[in-house]
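**Q** First to last, the protein sequences are chains A and B. Take 6 as the starting number for the first sequence in the numbering used here and just add one per residue. Take 6 as the starting number for the second sequence in the numbering used here and just add one per residue.
These are computed hints drawn from the structure, not numbers from a lab. Some clues are possibly wrong.
Since the list gives no way to pick one copy over another, a pair counts as held whenever it fits inside one copy or between any two copies.
[As the list claims (entries may be wrong)] Straight line, CA to CA, 20 Å or less: simulated EDC-like cross-link-like pairs of lysine to aspartate or glutamate:
(1) Lys183 to Glu210
(2) Lys196 to Glu132
(3) Lys214 to Asp181
(4) Lys14 to Asp82
(5) Lys196 to Glu138
(6) Lys117 to Glu106
Number of protein chains: 2
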Amino acid sequence: MYKDLTVEKFSEDLASKAPVPGGGGAAALCGALGIALGAMVANLTVGKPKYAEVDAEMRLRLADGDRLRAELIALIDRDAEGFAPCAASYALPQTTEEEREKKRVALQAALKTASLAPFEMMRKCGEAIELLEYFAKNGSRLVISDAGCGAALCKAAMQAAWLNVRINTGMIEDPDFKGQMEAEGTALLQKYLPMADVVYAEVEEAIRK
Amino acid sequence: MYKDLTVEKFSEDLASKAPVPGGGGAAALCGALGIALGAMVANLTVGKPKYAEVDAEMRLRLADGDRLRAELIALIDRDAEGFAPCAASYALPQTTEEEREKKRVALQAALKTASLAPFEMMRKCGEAIELLEYFAKNGSRLVISDAGCGAALCKAAMQAAWLNVRINTGMIEDPDFKGQMEAEGTALLQKYLPMADVVYAEVEEAIRK
């Protein structure tokens, strides 16, 4: 599984000609790194007398962050699995009219499958950005820069995941599926990219003082 | 070494209380993932008759991308090593006036050391963004989305690296060192963040068609 590759080897495989891991897998890992930085801030906040007031809430959010990190790591491999039917469809013969129609139907189903993992990444990155906003506001001041780094990484992960949704939905013919994915995806971008920017800017401002 | 951890374990260590890996290591890895996606585009372009016109230049840029990826991966561990003197300085005693002065001098030197790796990441991410601009414009249209993902990731990596430069220079007393790092860092941000945004936007536009 890709999650079991070393960091160095993963980057090598990403750079290779092989179709997976690709932008989707890189997005999932980038999102996992971003929320991991948030969890680090929370881990360095809980149990500290200075932050006793937020301790209970911080522990709950830390558990959410740990869950999200694990889910995003799992999405690296789910993304690769979701691409397999696409690769198989592209390889189908298309000599006769019947073969062409069979290939078209298979590819349409495969494109829907392939769009699911990157769409799920977008949702998870949104949740991660909300958590990072909380960690940046309420976490230990000593490590606030890590929450800002996390926000930048989760924003980029959501943007990268979006391109991977879009590359599939662009070829999907079913207007309902395509329309819903693109509308929901756009709504996620509109809500969370500016939120990530605010978290980053506030952290940059805070460490400037 | 951190580059030899599995992807999953690296994210776990990042989330832990341990000071390293932190935002700097995550930034270096994120930048390596971004330029790896660019190298993937180049690898899927070279040798194709359709792209014969750019083949020679593409191969040169691919070699640059491979070098940058390796350098950014190496910066994960260089960042951790660069932080060690800081951790050691913070642990020094500060009971007497003499101890306090000794600690101050040690910490000032350590902060300079700690700022070098994230600053180097910023430079490498800038080079990576320039390469990604080329790959997005001239690489195989079939994988152009990966160049867009790479631009988003390298932008975030540069932003995250900047916070890690800033957190150190904010405490550095030497006005020349501090001033030069902050001026150069700001110039890198001003040049390359908008460039990455343009690459991403152009890719998003191209795959919409």
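**Q** Confirm or reject each hint.
**A** Here is how each hint holds up against the structure:
Proximity of Lys183 to Glu210 under the C-alpha cut-off of 20 Å is restricted to the inter-copy arrangement: shortest distance 17 Å between copies versus 40 Å within a copy. Within a single copy, Lys196 and Glu132 get their C-alpha atoms as close as 11 Å, which meets the 20 Å cut-off; across copies the closest is 31 Å, which misses it. Proximity of Lys214 and Asp181 under a CA criterion of 20 Å is satisfied inter-copy only: 19 Å between copies versus 50 Å inside one chain copy. In this assembly of identical chains, Lys14 and Asp82 lie within 20 Å of each other by CA distance both inside one copy and across copies; the values are 15 Å within and 15 Å between.
Taking the closest pair of Cα atoms, Lys196 and Glu138 come within 20 Å of each other only inside a single copy of the chain (13 Å); across copies the shortest separation is 27 Å, beyond that limit. For the homomeric pair Lys117 and Glu106, the shortest alpha-carbon distance inside one copy (17 Å) is at most 20 Å, but the shortest distance between copies (64 Å) is not.
Taken one by one, the earlier hints all hold for this structure without exception.
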